[in-house]
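Under numbering that gives the first Met the number 0, residues 0 to 427 are what the sequence shown spells out, in order.
No false leads were mixed into what you were given.
Below, simulated DSSO-like cross-link-like pairs (lysine-lysine); rule was C-alpha separation at most 30 angstroms, straight line: (1) 374 with 392; (2) 197 with 66; (3) 197 with 381; (4) 381 with 396; (5) 374 with 341; (6) 381 with 332; (7) 341 with 392; (8) 381 with 341; (9) 188 with 66; (10) 374 with 332; (11) 396 with 197; (12) 332 with 392; (13) 188 with 141; (14) 396 with 332; (15) 381 with 188; (16) 188 with 396; (17) 374 with 197; (18) 396 with 341; (19) 396 with 374; (20) 141 with 66; (21) 374 with 188.
Since the hints were made in silico from the structure, they are not lab data.
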Amino acid sequence: MLKAKTRWDFVALSETEEQAAAAVARELGLAPLTARLLARRGILDAEAAGRYLNGGPELLHDPFLLKDMGAAVDRIRQAAERDELIRIYGDYDADGVSSTAFVIRLLASLGCRSDYYIPHRTLEGYGLNEQAIDAAAQAGVKLLLTVDNGISAVDQIAYARSLGIDTVVTDHHEPPVRLPEAVAVVNPKRTDCPYPFKGLAGVGVAFKLGHALLGRPPLEWAELAALGTIADLMPLRDENRILVRVGLDRLRRTDNPGFLALAQVGGMELSAVTAETIAFGMAPRVNAGGRLSRADIAVRLLTTGDPAEALRQAETLDALNRERQTLVEAMVKQAEAVWAAKCASAAESGMPEPEVIVVAGEGWNVGVVGIVASKLVERYYKPAFVLGIDAEKGTAKGSARSIEGFDLHAALTACEQLLDHYGGHQAA
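I would like the entire structure built from these sequences, with the hints used as guidance.
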C-alpha cells in the first residue's frame, strides 16, 4: 500500500461558500470535493466554474487592453516594412527560453528579419547589459525586443537609445517606480495597466503580443506557452489555464522535433502528457542549459525542424540536468550546514532563530541557487536567500524563494541601497 508523504488539511468553508459549492456541484454534476475546492479559490457560481474548468480560447482577453500594446505592434510592423534587424533579447530560464522560441517563430511568420540573444547566467547575469547592446549596435540592430525581462533596465535602454536602437519591452516581473523610456513597455503588472489578468508568465505576455500582431490567438505555438507558464510556476487560472489546456492538447499530438526529442530522452509519453510531465520532466531539462551552460541549447531544441539536431540538443540538456541534480544535492547539504551553524550561534547568544534564511558560500554555482532556496523553503518553511560568493570580484549573486505573506520584491526594495541589482516577483 502506498503511504502519503504529505498530510492535507482542508480549510473549513464559510456557510455561504458551502451553499455555493453545493449549488455548483448540483448544477454542473461535479463531485462535492471539486466544488468545495473551487469555492476555496473564490469560484462560487456555475458560470464561473464552467469557465474555470472548460474555458477555451474564446475567453482570452483583448491583447490591446495591455498598456502600450498598440505602440509595440506599430514599431514591430514598422521594422518589418523597413527590413530592420530585430534582436530578441531573452532570459536563460525555461520561461525566457520559451518566450524567445515563441517570438522567433512569431517574427518569422510575419516575415521579419530577426535574431536572438540570451545572456550567460554566470558571465553576464540577468537582463540587458551594455556589452550586449554594443554588440547589437555593431550588428546593425535597430530594434531590441525583450521577452521575460527588461522592466528594470532603465539605464540600459537609455544607453541603447543613445546608440540609435529602439526597445520594446515585454515582461511580467514586478515593475520599478520608474519605468524605462522604451518605445513600449508591455507588462500586465504596470500600475497603470488595465489588463484584467496580472498573472501571465513571460511567455504569456509574448503570446499576447502574437495575438495583437496576428489579429488572432497564436494557438499553433501554445505548447511553448504551456511550457513557460508551468515552468515559471504561474497560477493556473484565467488565461494561464486556457493556454496550458490548449498547449497540453497540442503536445499530445505534436510533431515538433524538440518536444519529441525531450520526451524521448526523458522517457515521457506525450500522448498522456500532463502539467506534471512538463513541471518535472521537461522544464528541468530546458532549464539545465541556462543553469550550467548556455540557454541557446534549449532555444535551438525548441526551434529546429531537424529531428537529428533536436535529439542532439535534448541529449545535451539531459546530461546537464543529471549534472545539475548532483550539484544541487551537494549544495543543499552545504547550505543546511551553514544555516544550522547560524541557528546554533543565535541560540548561544540567547537570540531567537532567524525568521529569514540567508546563506552564502564561496564558489556556489549561481545557476542552481534558486533550486537550493526552494529546497530550504520546503524543509524549513521560511523565506530563503542563497548566494554564491565571487571572492575575486568581491560580489555575491543569489536567488530567493518565499512563503505566503512575505513579499520578496518589497523586502529587496526596502534595502535596495545595499544592492547592485535586483528584480523578480513577490515569491521568487
